[in-house]
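Participant: Chains A and B, in that order, give the protein sequences. Its first residue numbered 19, the first sequence is counted upward by one per residue in this note's numbering. Its first residue numbered 19, the second sequence is counted upward by one per residue in this note's numbering.
Calculated from the structure, these hints are not laboratory results. Please note that the accuracy of each hint is not assured.
Any copy will do: because identical chains look the same in the list, a pair fits if it lies in one copy or spans two.
[Claimed, not checked] List of simulated lysine to any residue pairs, SDA-like, C-alpha gap at most 25 Å:
(1) K334 <-> P90
(2) K376 <-> N131
(3) K116 <-> H243
(4) K322 <-> R387
(5) K205 <-> G24
(6) K88 <-> N283
(7) K334 <-> G240
(8) K205 <-> D284
(9) K409 <-> D352
(10) K66 <-> K310
(11) K397 <-> R172
(12) K58 <-> A245
(13) K58 <-> S121
(14) K334 <-> P145
(15) K117 <-> Y281
(16) K59 <-> K360
(17) K376 <-> L99
(18) K58 <-> K397
(19) K205 <-> T23
(20) K310 <-> T254
(21) K117 <-> S147
(22) K409 <-> V97
(23) K58 <-> E384
(24) K360 <-> I235
(25) K409 <-> R169
(26) K334 <-> R172
(27) K88 <-> T313
There are 2 protein chains.
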Amino acid sequence: MGILTGYRVIDFTSFLSGPLSTCILADLGAEVIRVERPDKKLAGGPYKGGERSYDFSLMRGKKSVTLDAKDPEQHKILVDLISTADALVENFKPGTTKKMGISYEEVIQYNPNICYASISGFGQTGPYSSRGALDLVIEGMSGFMSITGERDGRPLSAGASIADMFAGLHAAIGMLAMLLNRERTGKGQHLDISMLEAMFAVCCENAVTRYLNFGTIAGRIGNDHPANACFSDFPTSDGSIIIAANRDNTYAAMCRALNMEEYINDPRFLTCNDRLERREEIHEIIREHSRKFTTAELDERLRKEGCPAGVINNIKQICEDECINARGMILEVDHKTAGTYKIPNSPLRFSETPVNIKHGAPILGENNREIFGQLGLSKEQIDALLEKQAKVRTMFKDHELD
Amino acid sequence: MGILTGYRVIDFTSFLSGPLSTCILADLGAEVIRVERPDKKLAGGPYKGGERSYDFSLMRGKKSVTLDAKDPEQHKILVDLISTADALVENFKPGTTKKMGISYEEVIQYNPNICYASISGFGQTGPYSSRGALDLVIEGMSGFMSITGERDGRPLSAGASIADMFAGLHAAIGMLAMLLNRERTGKGQHLDISMLEAMFAVCCENAVTRYLNFGTIAGRIGNDHPANACFSDFPTSDGSIIIAANRDNTYAAMCRALNMEEYINDPRFLTCNDRLERREEIHEIIREHSRKFTTAELDERLRKEGCPAGVINNIKQICEDECINARGMILEVDHKTAGTYKIPNSPLRFSETPVNIKHGAPILGENNREIFGQLGLSKEQIDALLEKQAKVRTMFKDHELD
């Protein structure tokens with residue numbers, strides 16, 4: 019039994035922000051039913067058993083039905099399906115749900131207390147609401163890229179689609195809040211998540227607050243920290259290492275680990291502020307010492323002294339990491355056509371209601387018969403519907419842009 | 019009335035991950051009471067009216083009381099306070115709550131159904147649980163830095179502390195899920211969030227899934243996308259611009275905007291896969307054309323054609339952005355000593371229970387008299403306690419490392 023067992027969520031999402039939010043709801047035990055177009059095309063591989071790697075993890079534990087919202091007969095089935103739901107998530111470009119006849123205003127006519135979440139690039143209202151956006155556009159517009167990169171380099175994006183992720187995590191937060199509110203008051207409502215705002219308000223928050231109140235425009239500073247020294251990457255004899263010694267006690271621990279005890283009480287570097295003011299000077303001294311050790315040696319020495327530090331793992335190394343594996347963070351799940359495959363487990367670790375991921379991604383329409391049957395369609399009606407779907411390949415034209 | 023109005027959350031957090039999670043709960047209407055050490059030292063400015071800029075936004079809407087958990091008299095008050103709570107969040111190094119007498123096992127003796135969240139670098143159990151970690155350490159260990167940066171450059175961190183943020187957002191998700199579960203079943207429980215796992219499972223998920231199933235170790239590729247072409251930053255006559263034309267229709271739109279219609283049906287670049295395989299070739303052609311326009315011209319042209327695109331704003335530019343301002347994303351709040359200051363608003367936009375941020379960060383101990391009075395202490399007892407606190411400055415020694 020998961021925390022959301024018994025809740026049904028209708029999932030009209032694509033790309034990353036929407037699917038991430040419903041992935042979290044599915045992990046928590048909700049019955050998440052993806053409504054996909056019968057002619058869905060899979061973009062961007064790699065594939066295994068006909069399934070996209072991209073969907074392996076994001077679609078786990080979900081169900082899939084195929085329906086064409088623009089066909090009147092299928093729209094009626096869609097209305098029946100949405101009528102049974104506690105929640106709905108969509109990340110179409112604003113306006114698309116209206117064209118499909120599943121806008122919030124339409125849905126509450128027959129399901130007045132549904133918890134309905136919309137995710138878009140710039141929100142459902144406002145001057146940019148008609149524009150499409152994808153992750154990189156938001157990383158650029160939000161200011162995030164302007165503070166990421168080398169001092170003398172160009173603005174850089176994150177190596178993962180974090181604008182999508184910040185939006186998706188906020189949609190999950192908002193959805194849980196709406197469901198909790200519905201438990202307490204019986205009322206549903208509409209949540210409007212803008213990717214730009216999630217990046218601006220949360221990811222760029224510190225830089226934004228400094229600008230709004232002090233006029234400081236943050237820039238790019240590589241791996242240094244705007245308010246801390248001895249908090250960066252440093253070279254070793256065989257690579258580099260992260261050291262995060264931004265307090266007096268961890269600075270002293272770092273000095274001991276690096277055999278540079280004489281700098282602990284050096285008047286030039288006595289306080290955090292002293293070290294921040296002379297950052298390049300103390301960093302150069304650290305580099306002279308850190309180069310004398312291998313990464314593994316220095317990691318061990320820093321850990322023993324109690325200084326926060328760590329290696330820079332590549333993706334293979336972190337997948338083989340002792341702690342990641344000891345805590346069960348790699349999971350094998352079943353898939354109808356791809357056999358078994360591996361995905362990262364949920365980071366939500368509850369003592370009494372553990373997350374239990376039951377299966378991998380569904381294949382397209384895997385749950386058509388189960389769900390359509392529940393809605394009262396006979397075997398013959400379902401056969402006719404699926405045959406009709408196989409013939410038609412022109413729907414959900416605006417589906418692709420979130 | 020917010021969604022969480024009526025819930026009381028005890029907040030033992032510092033740094034970013036914990037305060038972000040309780041900030042979201044406060045935004046949703048919970049009464050968040052920070053328990054801070056009487057001798058709390060403020061690190062890292064800038065300051066305004068004695069308040070740290072870092073706390074302006076993260077501590078908004080919260081209350082603050084000062085208590086020394088190691089003093090028996092104050093520990094008793096702390097127990098009385100925690101007895102009144104629905105939830106508790108802490109991000110100490112594992113083991114610290116036991117030394118303070120507020121571990122989950124101890125708290126459930128007198129508040130058996132509390133929703134208790136712990137955030138740490140590596141989790142409450144497992145081989146690394148005794149290690150401290152800070153954001154940059156986790157960005158390095160999780161694999162994130164190995165996929166962020168220029169092709170020929172070093173591993174880079176994000177310009178914001180995203181490992182803290184991924185952990186904090188997951189703690190908020192878990193807390194809302196636990197509160198929802200308690201509404202339905204009456205039961206509380208313990209949530210164990212590891213920063214490393216939140217980064218591994220969510221932020222690095224795509225790269226991790228590809229490695230686990232295909233053996234591909236993702237590397238650094240600047241602003242390019244591992245699975246898409248025409249999805250990067252491109253130079254203009256006066257700067258650069260983001261173009262995200264990873265579909266056939268948006269590729270055609272981009273070609274029209276750039277006056278390079280002859281490439282729409284060029285057999286070399288016909289499909290997404292063709293363009294991905296010849297990425298450098300098509301990117302070079304785009305660059306030749308994008309350099310002929312100013313950023314503003316090209317942004318306008320791309321938008322008109324319906325191609326996702328955007329400028330790379332700095333922090334000042336996004337704070338002055340038309341859409342951010344039109345949607346009320348910058349808020350002025352009151353503060354006891356700093357007067358008013360500005361912070362970004364919450365990105366959670368609910369139709370029926372709007373987020374209503376009532377005030378800025380509390381000053382240290384601002385709510386001592388209110389909260390201690392509620393717990394039955396007389397004015398004389400509170401006076402004596404605060405006088406005692408003013409004298410003692412040696413507590414919460416392990417407080418600082420999350």
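Participant: State whether the alpha carbon distance between K116 and H243 is at most 25 Å within one copy, between copies, both, or neither.
Facilitator: Result: close neither inside a copy nor across copies, 46 Å intra and 32 Å inter.
Participant: Between copies, within a copy, both or neither: which fits K409 and V97 at Cα up to 25 Å?
Facilitator: So K409 and V97 pass the 25 Å test inside one copy only (22 Å; across, 67 Å).
Participant: Check K376 against N131 for me: Cα-Cα at most 25 Å, and say if that holds within a copy, between copies, both or neither.
Facilitator: Cα proximity of K376 and N131: none, with 29 Å in one copy and 28 Å across.
Participant: One pair to classify: K334 and P90, alpha carbons no more than 25 Å apart. Within, between, both, or neither?
Facilitator: Neither way: K334 and P90 sit 50 Å apart in one copy and 49 Å across, limit 25 Å.
Participant: For K205 and G24, with the copy left unspecified, which applies at a CA distance of at most 25 Å: within, between, both, or neither?
Facilitator: Both: 17 Å inside a chain and 17 Å across chains, each within 25 Å.
Participant: Indicate which option fits the pair K59, K360 if close means a Cα-Cα distance not exceeding 25 Å: within, between, both or neither.
Facilitator: Close inside one copy (23 Å), not across copies (46 Å); limit 25 Å.
Participant: At most 25 Å between C-alpha atoms: does K334 with P145 qualify within a copy, between copies, both, or neither?
Facilitator: So K334 and P145 pass the 25 Å test across copies only (19 Å; inside, 44 Å).
Participant: Given identical chains, is K58 near A245, meaning Cα to Cα at most 25 Å, within a copy, between copies, both, or neither?
Facilitator: Answer is between; shortest inter-copy Cα gap is 18 Å, intra-copy 48 Å.
Participant: Treating 25 Å as the Cα threshold, decide for K334 and G240: within, between, both or neither.
Facilitator: Intra 24 Å, inter 20 Å, cutoff 25 Å: intra and inter.
Participant: Go through the copies and call it for K117 and S147: within, between, both or neither, with a Cα cutoff of 25 Å.
Facilitator: For K117 and S147, the Cα distance is within 25 Å only inside one copy (16 Å; across copies 52 Å).
Participant: Should K397 paired with R172 be assigned to within, between, both, or neither, using CA atoms and 25 Å as the limit?
Facilitator: neither (59 Å within a copy, 59 Å between copies)
Participant: For K310 vs T254, is the C-alpha pair at or below 25 Å within one copy, between two copies, both, or neither?
Facilitator: Classified as within: same-chain Cα gap 7 Å, cross-chain 45 Å, threshold 25 Å.
Comparing the model with each earlier hint shows violations of hints 1, 2, 3, 4, 6, 8, 9, 10, 11, 15, 25 and 27; every other hint is respected.
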